[in-house]
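**Student:** Here's the letter readout for the chains.
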Amino acid sequence: MEDIQEILEDFLVEAFELIEQLDQNLVELESNPDDLELLNSIFRVAHTIKGSSSFLNFDVLTGLTHHMEDVLNKARRGELKLTPDVMDVVLESIDLMKALLHAIRDNGNDTSIGIDITDICRRLDAISTGDVIPESTSKSVEEAMSPTLEEEADYSQLSDQEVEDEIERLLKMRKEEDKKRKESSGTASSAPAKNESEVPVVQKSAPTKREDLSSAAATPVKKETASAMEQTIRVEVKRLDHLMNLIGELVLGKNRLLKIYDDVEERYEGEKFLEELNQVVSSISLVTTDLQIAVMKTRMLPIAKVFNKFPRMVRDLSRELGKQIELEISGEETELDKSIVEEIGDPLVHIIRNSCDHGVETMEARRAKGKPETGLIQLKAYNEGNNIVIEITDDGNGLDPDILRSKAIEKGMITEREADGMSDKEAYALIFKPALSTAKVVTNVSGRGVGMDVVKTNIEKLNGIIDVDSELGQGTVIRLKIPLTLAIIQALLVGAQEEYYAIPLASVLETVRIPLDEIYTIEGKNVLRLRDEVLSLVRLSDIFGVKQVYENSEHAYVVVIGLAEAKLGVIVDTLVGQEEIVIKSLGDYLQGIEGIAGATIRGDGRVTLIIDVAALMTLAKGISVDIRAAAEATVKVKSAPSDYIVLAVDDSAMDRNIMKKSMEPIGVKVLEASNGQEALNMLKSAEHSIDAVLIDIEMPRMDGYTLATEIRKYSKYKNLPLIAVTSRTSKSDRLRGVESGMSEYITKPYSPEYLESVVRKNIKL
Amino acid sequence: MNDKLNNIIQKQQKQIEEPHKKEEDVVQLVGFIIGQEEYAVPILSIQEIIKPIEYTRVPSVPDYILGVFNLRGSVIPLIDLRRKFKMESVRQSEDTRYIVMKGRDNTAGFVIDRLTEAIRIKSGKIGPPPETIHADKGMVYGIGMRDDNILTILKVEALLKRDF
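Respectively, the protein sequence lines represent chains A and B. Positions 1 to 765 (the working numbering) are the ones given, in order, by the first sequence. Positions 1 to 164 (the working numbering) are the ones given, in order, by the second sequence.
One thing to keep in mind: the hints can contain errors.
Cross-link-like lysine to any residue pairs, in silico, SDA-like; alpha carbons within 20 Å at most [said to hold, decoys possible]: (1) K684/A <-> S93/B; (2) K684/A <-> S60/B; (3) K684/A <-> Q92/B; (4) K259/A <-> K51/B; (5) K684/A <-> R72/B; (6) K371/A <-> S318/A; (7) K259/A <-> H242/A; (8) K74/A <-> A99/A; (9) K621/A <-> L535/A; (10) K621/A <-> E54/B; (11) K84/B <-> I593/A; (12) K567/A <-> A429/A; (13) K161/B <-> G592/A; (14) K155/B <-> I53/B; (15) K684/A <-> K11/B; (16) K125/B <-> N149/B; (17) K433/A <-> Q474/A; (18) K84/B <-> D25/B; (19) K764/A <-> E753/A; (20) K380/A <-> E28/A; (21) K761/A <-> P641/A; (22) K547/A <-> R57/B; (23) K547/A <-> P62/B; (24) K259/A <-> R120/B; (25) K305/A <-> E342/A; (26) K259/A <-> S89/B; (27) K716/A <-> R57/B; (28) K547/A <-> R83/B; (29) K51/B <-> G592/A; (30) K684/A <-> S89/B; (31) K713/A <-> S93/B.
Computed footprint of chain A on chain B, listed as stretches where at least three residues anywhere in the stretch have a Cβ under 8 Å from a Cβ of chain A [unchecked claim]: (32) 30-43; (33) 59-72; (34) 75-85; (35) 93-101.
No wet-lab data here; the hints were simulated from the structure. Here the structure is a predicted model, which is why all the values come from computation and not from measurement. C-beta: ideal position from N, C-alpha, C; glycine also.
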C-alpha cells in the first residue's frame, strides 16, 4: 500500500512538471506547426501520462490521454495539420487533464469530481478520424468542431448511430453558414478566413511534404530540449525552511561576533592576538555569508515557472479579443525564492491581461496608427543587486494622464487641486487605486478596476516597488522590483530619538539631509520639494509616539521610502547604517501591530523592530504635526545664565568648590558628583538638562575617560561639552582624552578666569 | 520474624502510597509580590525566571506592555503586572525579576517586584475567587488560604491572552 502511495506521489510530481512544459510547447507549436521536435516531446508527455495512469488504474485519465495521443500521433506523422481550431480542442483537453490530475492529488482518484470526458474525447476523435474521411469533407469536419464546442449538447447519452447523425446534421448546418458568410461579407474576421486558405494547402501537401518536414524542423526557433539529464534530489520545503531558520541564527551570531570584534579591537589595539582574531572573524563571516547564499539558492526557482503559463494565456486572450498579440519572454532563467515565485503569479496575470485588453489596440486601430498589426508584449526578468526586476512592456495605446486625472476626480478620489499638482508619473499611479478603470466597457477580461489593486497589494506584501512609465500612443512599461528573499533581508537602521528601527532596504529609495526651512506645510501636511517631485514628510517619532528626549537640530535626515507606486519621506534623527537582518516574528501576543512587520536581534543582543512600510504609509496619513513649528517649539528656552546647568565631577570636595567658585561670575547653576558612576547616573536620569560637564580624570569607581566614553554612547549627549580638568599633563593623556570624547582639556592648576572662559565658550554664553 | 517482615512491608507500602496521595492534591506554586500583595502561579507554567535585561519599546500597544526582549534568540513580549493590575509603576530595583511564563501558544515575560518562595499548598485550601473579582477578566484562578496570609493564584492562560 505504501509502495503504491509512493509511486502515486512520484507520478503526480512528474505529471505536473510535464504539463507545465506542455503548455509552453503547445503554444510554440501553433506558431511553428512544423516543428517535429516539439510535437514529439508533446506526444511523449501524453504518452507518459497515459502509461502511468493506466498502471495506477485511473481510467478516466487514461481514456482522455489515449484520445489526445491519437491526435498528436497523427500530427506527429504529418497526417494532421494543427490549426488554431484543432489547437483549441487540444488545449482544452490538456486543461481537463490538469483538472483530473488535481483531483487525483486531492482525492486520490479521478472519478470523484465527476469530470466528463466523453465530449472532449469525441471531439478529439473527430479530429483524428478527420483524415480518413475523403479529402473534400475533411476541412468541414475540422470546422465542425466549433459548433460542438459552442452548443455543448449532451452527447454521452447518444448511441453511435445517433452521434453520426448529429455530426452529419451539424456539418450541413455549418456548410450553409459558411456559404452565407462568404456571400454576405468579405470583411468577416480574418481568423476563419486564414483557416480556410490554410487547410486545403496542407491537405494536398501533407503526404508529399513529410520528408521536407523533418528537415525543416531544424530551422524554426527551438527551445533546448529539457531532456538533458539533471542530477537532482527532491527535498521537502519544510526541511529547507528549517535550514533557513538555522542559518538565520547563524547570521545573528555573526553580527554579534563582528560587533564584539570591533569593541575588542578598540580596547586592545596593536596586540598580536588581534590579527588572529581578525582572521577567524572574517573567515567565519565569509563562510556564513556563503552558506546563507547557498541555502537561499536551494530555495530558488527559475521564474520560468511563472512565465510559462503566459504564452498560453496571451494566445487565448488574443483570440478572445480578436487581436493579434505576440508575447516575447526573456530572462526566464532568473531565479527567485520559492515563496516569492508563488506570490508573483497573480499580479503578473493581471498586468498582462490589462496590457492585452487596454494596452494593445485592435488591428484596425493599429493599422490606422501605422503600427504593425501584431501587438507586442515583452515580459522580461533580470537581477539588479539584491532585487529582481520584472518588466512588462507593451507597444499599445499608453496611458493618458489627463483621462486618469479626470476619472479620479469623477470618482472623488482626489480633488481638482490635487489633480492639478500631479505629475504625469503620479497620475499613472492612479491606475492602482481600487475601482478606477479607464476601460470604457467592462469585458470578460478586465475593466472592473479590481486587477491593478490586486497587483498593488501583492507586490506590497513582497516589499516590492512598482514603477509605471508610459507614453501616449507608444506603449506602457510596468516595472516590478522585488527583493530576492524574504527571510533574511538588507535593512537600513535608523534612529528616532533613542529608539532604533529597521527599514527594509528594498523599500528605501534614497536618503537626503535637508535644512528644516525647506519643509513646507500645505493643508496641514508637511512636504518637501525634492528635485522635481513633491514629497510628503512625516517624522518617524510621531508615527510611533517616541518620547522626545533631545532637541531638533536645524537639519533633518529624510529617508525616502517607496512601496508599490507610492512614496513617502520619513524624517529620522540618525542614520545608523545598512545591516543584514533576520526577520523574527513578534509572536502571537503582539501579532499584527500596525506599522511593525517583525523584529530582529542586533549584534549587541538588543531587539530592533522592523518597519512595515505599507502600514507606515497608511499610518502617516493620519498624522498632522507641523514639523517646523514643533521643531521651533522645542528649541531650548534657556535665556538667562541661571537657566544653564554645569555638572562638576571630581572626587575631591575642594576641587569641586574651586570649580564652583570659578563659575560664579557666569551665574550658571552648578551640580556636583563625586565620581564617574554618580555623574553618569545623573545624566541617565535626565532629571536636569545639563549643558556642560567638568570632569576630573583620577576618580574612584569610574574614571574620567570611561565616563566620557559612556556619555558619548548616548546620542543625545553627542554634542554635550565635556571638559577634562586634570593634573595629568602628558601628551598621551591628552590624546586619550580626545579619544574618549572630551571636548576640552584643562590642566591643573588653572586660573579661575581661564576655566570660566572655557565654560563660557562651550555653552555659548 | 514473619510478623516483623510483614510490619516492614506494610510500612514500606504505606510510604509508597502516602506521598503519592499527597502529590495528588498538593499544588506547587511560585509566589511573588506585586505592590503589597502576594500572588502565585503554578510552577509548571514557568519557563524560567531571569534578572531584568534591556527591552525594546513597541509602539501602539497598551501601556502595560513594556516591549519585547531577547531571550536567547527569541523575541518575547514583556508585560508589567503592576500596570496590568492598575497599580502605579515603580522603578526597577535589585529584587525585580522577569518571570517567563509559557502557555499553550504564547510565551511572555512578566515584571514582578520580588520573588517570595516556592509554595506547596493542598488543593483543598484553594477557594474560588471572590465574586467581586470576577469582573477582572478572569485572571484569578483562586484564593489560597495559608496559615498566616492569603494568596492570589493567577490563571496563566488568562495572563497570556491578548486582550487589546
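**Student:** If a hint holds in the structure, say so; if it does not, say that too.
**Tutor:** Hints versus structure:
{"no.": "1", "hint": "K684/A <-> S93/B", "result": "holds (16 Å)"}
{"no.": "2", "hint": "K684/A <-> S60/B", "result": "violated (25 Å)"}
{"no.": "3", "hint": "K684/A <-> Q92/B", "result": "holds (15 Å)"}
{"no.": "4", "hint": "K259/A <-> K51/B", "result": "violated (24 Å)"}
{"no.": "5", "hint": "K684/A <-> R72/B", "result": "violated (27 Å)"}
{"no.": "6", "hint": "K371/A <-> S318/A", "result": "holds (17 Å)"}
{"no.": "7", "hint": "K259/A <-> H242/A", "result": "violated (26 Å)"}
{"no.": "8", "hint": "K74/A <-> A99/A", "result": "violated (25 Å)"}
{"no.": "9", "hint": "K621/A <-> L535/A", "result": "holds (13 Å)"}
{"no.": "10", "hint": "K621/A <-> E54/B", "result": "violated (32 Å)"}
{"no.": "11", "hint": "K84/B <-> I593/A", "result": "holds (19 Å)"}
{"no.": "12", "hint": "K567/A <-> A429/A", "result": "holds (11 Å)"}
{"no.": "13", "hint": "K161/B <-> G592/A", "result": "holds (15 Å)"}
{"no.": "14", "hint": "K155/B <-> I53/B", "result": "violated (25 Å)"}
{"no.": "15", "hint": "K684/A <-> K11/B", "result": "violated (65 Å)"}
{"no.": "16", "hint": "K125/B <-> N149/B", "result": "holds (12 Å)"}
{"no.": "17", "hint": "K433/A <-> Q474/A", "result": "violated (23 Å)"}
{"no.": "18", "hint": "K84/B <-> D25/B", "result": "violated (31 Å)"}
{"no.": "19", "hint": "K764/A <-> E753/A", "result": "holds (16 Å)"}
{"no.": "20", "hint": "K380/A <-> E28/A", "result": "holds (18 Å)"}
{"no.": "21", "hint": "K761/A <-> P641/A", "result": "holds (13 Å)"}
{"no.": "22", "hint": "K547/A <-> R57/B", "result": "holds (11 Å)"}
{"no.": "23", "hint": "K547/A <-> P62/B", "result": "holds (15 Å)"}
{"no.": "24", "hint": "K259/A <-> R120/B", "result": "violated (46 Å)"}
{"no.": "25", "hint": "K305/A <-> E342/A", "result": "holds (9 Å)"}
{"no.": "26", "hint": "K259/A <-> S89/B", "result": "violated (34 Å)"}
{"no.": "27", "hint": "K716/A <-> R57/B", "result": "holds (18 Å)"}
{"no.": "28", "hint": "K547/A <-> R83/B", "result": "holds (19 Å)"}
{"no.": "29", "hint": "K51/B <-> G592/A", "result": "violated (29 Å)"}
{"no.": "30", "hint": "K684/A <-> S89/B", "result": "holds (19 Å)"}
{"no.": "31", "hint": "K713/A <-> S93/B", "result": "violated (24 Å)"}
{"no.": "32", "hint": "30-43", "result": "violated (count 0)"}
{"no.": "33", "hint": "59-72", "result": "holds (count 8)"}
{"no.": "34", "hint": "75-85", "result": "holds (count 3)"}
{"no.": "35", "hint": "93-101", "result": "violated (count 0)"}
Violated hints for the displayed structure, listed by number in ascending order: 2, 4, 5, 7, 8, 10, 14, 15, 17, 18, 24, 26, 29, 31, 32, 35.
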